[in-house]
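One-letter residues, chain by chain:
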Amino acid sequence: MIPAAFDYVRAGSAAEAISLIGQHGEDAKFLAGGHSLLPLMKLRLASPSVLVDIGRVSDLSYIRDGGDHIAIGALTRHMDVETSTVLKEHAPLLAHAAGHVGDPQVRHRGTMGGTIAHADPASDLPATTLALGATYVAQGPNGTREIAAADFYQGFLESALAPDEMLTEIRVPKMQGAGWSFQKFNRRAQDWAIVGVAAWRRNGSSGVALVNMGSTPILATSVSGALADGASVSEAAELAVAEAEPQADLNASIEYRTHLAKVLVRRALEEATK
Amino acid sequence: MKISVTVNGTVHESDVEPRTLLVHYVRETLGLTGTNIGCDTSSCGACSLHLDGEAVKSCTVLAVQADGAEITTIEGLAVDGVLHPMQEAFRQNHGLQCGYCTPGMVMAATSLLKENPHPTEAEVRIGLEGNLCRCTGYHNIVKSVLACAAGE
Amino acid sequence: MTVTDDRPAAVLGSRLLRREDPALLTGEAKYTNDLHIPGALHLAVARSPYAHARIISVDLSAALAAPGVVAAYAGGDLTSLWAAPMPCAWPVTADMKNPAHYPIAVAKAAYVGDGVACVLATSEAAARDAIELIDVQYEPMAAVVDLEDALSDRVVIHDELGTNKSYTWDLKIEGHDGAIDEAFAAATYTVSERYVQQRLLPMAMEPRAVAAVPQPFGGDITLYSSTQVPHILKIMSAITLGIPEHQLRVTTPTVGGGFGSKLNVYAEELLCLALARKHKVPVRWNEERGENAVATTHGRGQIQHMELAADETGKFTAVRVRILGDMGAYLQLVTPGVPLLGAFLYAGVYDIPLYDFSCTSVFTTLTPTDAYRGAGRPEATYAIERAVDSLADKMGIDPMELRKRNFIQKEQFPYTAMTGLTYDSGDHLAAAEKAAGLADYEGVRARQKTHNVPGATTRIGIGQASYFEMCGLAPSRVLASLNYSAGGWEAATVRVLPTNKIQVVTGTAPHGQGHETSWSMIVADKMGVAPEDVDVLHSDTAIAPLGLDTYGSRSLPIGGVAIAMACDKVIDKAKKIAAHQLEANEDDLEFAGGAFSVKGSPDRSMPLAAIAFEAFTAHNLPDGLEPNLEAHVSYDPPNFSWPFGTHICTVEVDTETGRVHVLQYVAVDDCGNQVNPMIVDGQVHGGVIQGLAQALFEEAVYDTEGNLKNASLAEYLVPAASDVPSLTLGHTITPSPTNQLGVKGIGEAGTIGAAPAVINAIVDALSGLGVTDMVMPASPNNVWKAIQAATRNTPSNGASK
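Residue numbers (this note's numbering), protein chains in the order written: chain D, 210 to 483; chain C, 193 to 344; chain Y, 300 to 1100.
Just so you know, the hints here were simulated from the structure itself, not pulled from any lab data. Be careful, since some hints might not be right.
As the list claims (entries may be wrong) - Below, computed lysine-lysine pairings styled on BS3-like, alpha-carbon distance capped at 25 Å: (1) C:Lys306 to D:Lys238; (2) Y:Lys471 to Y:Lys579; (3) C:Lys306 to D:Lys297; (4) D:Lys471 to Y:Lys1084; (5) Y:Lys748 to Y:Lys703; (6) Y:Lys800 to Y:Lys868; (7) Y:Lys703 to Y:Lys733; (8) Y:Lys1008 to Y:Lys1084; (9) Y:Lys703 to Y:Lys693.
Here the structure is a predicted model, which means the values were calculated and not measured.
Produce the complete structure using the sequences and hints provided.
Here it is as structure tokens:
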């Protein structure tokens, strides 16, 4: 319940944050909303020696229309994503999925950038932005770079971010009227998904990503491929786990999780097709 | 580290260890023990209070993160001995038994109605997904929140 | 002088709002860890990460050198502080095996979470930091997790016992032995099933908290603890620590729920007391939730072999039960007795002539089990109610109809069962029919025919559980026959103060039940005063020195009745004063509305207020009468009380995902007369959801090494509002004839009815697919697995049912 002791520094800007994390080295961590990091620290599963608080970098909290995409500042809270009229219009799948993260208290504090950077395969928004073909913007000591969501997730809680890089923006392509569905299957509403599916369809194209079906969020490219080739929703859904590596846990055996993914992908595609 | 927070309308200047959780700060430094601790995984919601007007789990916020913020705890809800309408609704509808989850539940419920003043029963239930109670089976908690929303 | 004519017409039975609530709603109420105790040292306990390991060495040096640390101890350093091992108050058989159990283990850790060392420091953070620095060398040994494995003695946990079997307890009824076998041989229908009552974590929202505050020079010591049993805790602590009992005061501030898990004498309570005495400073301890999961007792943990026999008409002829109980690593306060509290209830609400019950209990390398809401009775009710549904399925008749054929009939009460116990009153048919009406039982049956068609991806089911609850624990002589080490009485004092305010002192120890409100209502009704003029004192052994606390739905039928009886005694004394003052014969006086008056001459009357003042001044009392209006009662009930009811659950099962959606839950409970129906409803709501949570959500999951895999509220699934349904309640009222209030108790009823009703509904929904049983919890994974297994084994046409 009580974290191990650490030093605390506060950054006023992204550049300052990056400089501070560079100074303090590998045991330093960024603190945004803290809703991924602090629970680990309270159980002493994480004991960073320095926390660089970026929570006051207020110019990173925004949702802007970027023409063909919506740009979301990394420090935008889940509640703001959930209730954004811009997102409801142009990326309703993301706004809807953000409303399923944790619980209201968590959504009041947790940030979009925090959950993406934490790269938890069981979290809702990494998979959702993956399905939507999002691009993430990272800022480091040598400037900024764009990383495609499909290239970002590299292993369990591992991302393409360098230790001295900070995620600053998430760019989500406008959905342009695509049908969509978010299927989150859990036993209690506040829990992580046992299996989750984020999906959209428009004309011949589609995007389907899976929550908690491997060590990273999984892009179900075989499903989209089959749909593009004219497969029915049911046929395509049978390919749901082609890219997945489901694991057993307290709530699901591998067999059940595999089955559930197929059912939920089918239901998601049915809903997205309406 | 020095922080300045406004808690229930009073400004407090304190020197805290960075690892001090907001819930420990309000309970131990300020002596406001109405905010309870029920878990160590941000699951139960017993420690919910309002940070800049919104319900948060104060076990998952560092006191240093709250520097400069306005905080309302359960002690700040009743005014001049008159219960807040949500507290009164819980009392009228037997929305509490042992009372341990109650401060957090009331703070979550008031935050919920601020965002959705006229929720359906289903919206109340999902809106309280982050608060656990072991006594009431939630039936009368949900009834209390609906009654408060209806101005009863 | 105003009397009480402005009080509500009938206080008893009204939905009076709780007097406890304002303090709880505003945060003013103080729980144990809210207490400000200057100079207190904080205790932290280092716990074994192994389920079974010899302790080779404990190096405390790094911890002792850490900032803020005052002392650190291994188990061996503390042995001189214990006058006796930790107490088990229920040696159920003469040959029961009970390993010595100390607050900090000395030679061996026997479960994950067993204390192996402890630290005292100037802050909680410093204490918790320091226990991470304690270096314990272990020799890990094989864990014993499975009950049948434990019984085999493959690995013996407590060397000195030579076996893992703690006891076998038989309820053998003379003449039934051979007759039972004959009845099963002659039966037209039999069921023989194995049910598993999974281990549950009680998870009261307030974790435990303790503070011991010594008076360094007098030897007196006060223990503050979040407990349900301050009185039992005081006696047992005095014995265990060798503290003169009169020097120990136990007081419980506000307590945040218990559900049986605070009905105990815990290591941390004894450690705080012993170390506060040793260091002559206050010592306190706050439990973290992760500790609560492993270091506070668990509930349930039984394997049940249930057999039921019936003749060709479905009339039940015999019950045979074999229980294998999981004690965990040690026997806590009433661990071995929990299965016995169900021993008499495996015939449920049915008229069954032949009965055979036997329970064997074993040690495992897991957290000790003990009482958990219902304690033995939910397990028993589950077994009989599941067996009845299975038998109905075999017969091909509706389970409601089968129940009706076998209910003990209203006219049979008081009914003496073959076990020798007498059920006070009941009307099972009325409760079942009321529940069936509220649940639209016939309507659901009709909907099933059109809904549960072949190929449907959702199926509807309806399930029932009718229960009898043996509560009001308990007549002391019955407890003696069960080898329980204490009685079952309760104490009450009623005192009319000079200004006609009334003080009640009760031995009950509420932790959410609203006793202050309910007890004030009983007194108001008896004495003709307003409930707000009654103060209820409790939960402090200096104020309420006598009592046996709150558990087992006992507080109202014993503690509440004791208060009513004490009121009668006060009224009797007041009558003597009134007769003296009014110059009337006592027999000519009647007491109503808070005043005595002469029958037929209402103008000759004297209010209680005036009598109270007379009793106080003692200027003009009848010769020989003592001053003051006060009476004490210790009430030992003549019988258990027997609440009953029928719960009906309707579910829809998604056969693709296995998710169970509760469409409706109806609970019709009969707890006799109701003091405060609002509080009764609240008890039922909470109990039902706790039982439903056993059926659908909760289970302590262990790996083969004895690690609890879900030791947090993030993984142990206590449901939230979002995850459970609203409830439909109904009541029938059949007063108990054994006490003057006609009350029975309601604390555990909901939990008892819910699990079998929910599981019966799920099995009913899936029976058309060939599913005949369902493990608890009926998680989506488990439901899906059962459907897979059934459809693999029985190529089903999925016919409608």
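Inset, instruction - Please work out if Y:Lys1008 and Y:Lys1084 have their alpha carbons no farther apart than 25 Å. - result: Roughly 21 Å between the alpha carbons, so the hint for Y:Lys1008 and Y:Lys1084 holds.
Q.
Would the hint linking Y:Lys703 and Y:Lys733 be met if the CA-CA limit is 25 Å?
A. The given pair, whose Cα atoms are some 13 Å apart, holds under the 25 Å limit.
- Please work out if D:Lys471 and Y:Lys1084 have their alpha carbons no farther apart than 25 Å. OK: D:Lys471 and Y:Lys1084 at ~16 Å, within 25 Å.
#### Entry: Given pair status - Y:Lys693, Y:Lys703, alpha carbons within 25 Å
holds, 17 Å
Hey, Y:Lys471 versus Y:Lys579, does the alpha-carbon distance stay inside 25 Å? violated, 53 Å
Q. Between C:Lys306 and D:Lys238, does the CA-CA distance stay at or below 25 Å?
A. violated, 34 Å
Restraint status (C-alpha distance of Y:Lys748 to Y:Lys703 at most 25 Å)
Roughly 23 Å between the alpha carbons, so the hint for Y:Lys748 and Y:Lys703 holds.
Satisfaction of hint between Y:Lys868 and Y:Lys800, Cα-Cα up to 25 Å: holds, 17 Å
Compare the distance between the alpha carbons of C:Lys306 and D:Lys297 with 25 Å, and conclude whether the hinted pair is satisfied.
holds, 21 Å
Of the numbered hints listed earlier, those contradicted by the structure are 1 and 2.
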